Amino acid sequence: MKLQKKNLLAQKRRWRIRKTVRGTAARPRVALKLTHLHLYAQAIDDDKGVTLVSLATTSKDLRGKKIRPNIAGAIAFGEAFGAKAKAAGLTTVVFDRAGRRYHGTVKSFAEAARKGGLTF
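Numbering (my numbering), first residue to last: -11 to 108.
There may be inaccurate statements among the hints.
Claimed, not checked - 20 Å max Cα-Cα, derived EDC-like pairs, lysine to aspartate or glutamate:
1. Lys95 to Asp34
2. Lys21 to Asp33
3. Lys21 to Glu99
4. Lys36 to Glu67
5. Lys72 to Asp33
Please keep in mind that the hints were generated in silico from the structure rather than gathered at the bench. Bear in mind the structure is a predicted one, so any value in this text is a computation, not a measurement.
All chains should be built: construct the whole structure from the sequences, respecting the hints.
Spelled out as structure tokens, the structure:
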């Protein structure tokens, strides 16, 4: 499959999911971004277009922990994100998996965030 076709199909999956997943102030959307080196997560209020909480493996809080974008790293990252979101006053969120399967790293992050105090 050509790279352009592959990217187009991935974009269509993201759009299809974003049609149904919408964040509000009471229930923000948790968007997860995976790269080959880092993990990024944000709690977003789509009504106002504001990021309420964000965390990345490159942030000062997690820089010394050497978190990699694998299942073990996603567990540590999810627990840290759940704790940070809970400290900011967030308890219930909706999860935006960004067109990825709910499997592996994505699933580990979601379960760890639940363990960290988020409900979704």
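Hints versus structure:
A C-alpha spacing of about 23 Å is found between Lys95 and Asp34, which places the hinted pair above 20 Å, so the restraint is violated. Distance hint between Lys21 and Asp33 is fulfilled; the C-alpha atoms sit about 17 Å from each other, no more than 20 Å. A threshold of 20 Å between alpha carbons decides the hint, and for Lys21 with Glu99 the separation of about 16 Å falls inside it, so the pair holds. Distance restraint check for Lys36 and Glu67: the Cα-Cα separation of roughly 26 Å exceeds the 20 Å cut-off, and the hinted pair is therefore not satisfied.
Proximity of Lys72 to Asp33 is assessed by CA-CA distance (about 16 Å); at most 20 Å being required, the pair is judged to hold.
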